[in-house]
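Asker: Residue numbers (the numbering used here), protein chains in the order written: chain C, 1 to 152; chain A, 1001 to 1115.
Just so you know, the hints here were simulated from the structure itself, not pulled from any lab data. Glycine residues also receive a C-beta, built at the ideal position from the N, C-alpha and C atoms. Incorrect hints may appear among the rest.
What the hints assert, rightly or not - Partial list, derived from the structure: chain C residues whose beta carbon lies under 10 Å from chain A:
no.: 1; residue: A54
no.: 2; residue: A60
no.: 3; residue: L120
no.: 4; residue: V136
no.: 5; residue: V138
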Amino acid sequence: MTEMAQHNGFHSMGDLTTPGPFPLTPPRFPAPLPMPAPPRPGGGRATVVLAVVAALLFAAGIVFGVLYLSARGDHDAAAAALTERQNSLAEVNLRVSSTDSARQAADQRNGALENENTELTACVEAVRHYLWDGLVGVERDAAVDRLFTTCE
Amino acid sequence: MNRRRTVVLLAVAVGLLAAAAGLLGTRYVMQRGDTGAVNQQVATTERELADANTRLAANTSTLDELDQEREELENTGATLHACADPAAASVAAVRAGDDTALSNAVDLMLVNCGR
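The task is simple: from the sequences and hints, build the whole structure.
Answerer: In structure tokens:
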């Protein structure tokens, strides 16, 4: 493992993040003194690339942060809307069931009234037949019988 | 030495920023997914609400009709009673042999049982 690291340190200058003082001394020592140009392409470029990446990531973080906050606002709004709709639904359902039972009661009541009216109509028809149809004799007796059975 | 430190610091900063951006990005996506689910629930609830309102409106109009029907039945019933009640009274009077009651009942029948 250490052999490998040393080996890498000698040959690749790109691996600058791993602290390896020994393998990196040869290229760094002579470079800064005579001319600052040669090490720049190595270390300078890494710095620039990292700085650019950091800036991009920072921007991305800001963007995602803003997006997240706005998404959270949307979520809160949606949750509030859901609660409101659910409350309305519960209320309407309650009214539906109350009108359902009212309808049933009204149906029953109207049915009873209809039955009663049917019975009364039979009596009234019998009375009218007896009173106004100018009956005599057997027909009249039959009409009286019908009046008695339907009106009693 | 300085540049090395800068690079290391920048690398650390890049790592932290990447983690932060990743976290925020993930939370954003998850939050949006949650909101989508909630919005779907809202849509479902709204459909149910519309159905319930339709049923409520139907029930209300049916109740109105039934009420009107009841009124008509009661009116008809009142007319029928006006004739049928004295008729029943006349039958009872005949059974009881009450001539006065019979006469009164028949008078009412003549008035209320016309055609």
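Asker: Is the hint on A60 (chain C) kept, meaning its closest Cβ partner in chain A is under 10 Å away?
Answerer: holds, 4 Å
Asker: Holds or violated: is the Cβ of V136 (chain C) closer than 10 Å to a Cβ in chain A?
Answerer: Violated, about 18 Å.
Asker: Given L120 (chain C) as an interface hint, is the shortest Cβ-Cβ distance to chain A below 10 Å?
Answerer: Holds: closest Cβ of chain A sits about 4 Å from L120 (chain C), inside 10 Å.
Asker: Minimum Cβ distance from A54 (chain C) to chain A below 10 Å?
Answerer: At about 5 Å, which falls below the 10 Å cut-off, the nearest Cβ of chain A leaves the hint on A54 (chain C) intact, so it holds.
Asker: Under 10 Å, Cβ to Cβ, is where V138 (chain C) needs to be relative to chain A, so tell me if that hint holds or is violated.
Answerer: violated, 19 Å
In summary, the numbered hints that this structure violates are 4 and 5.
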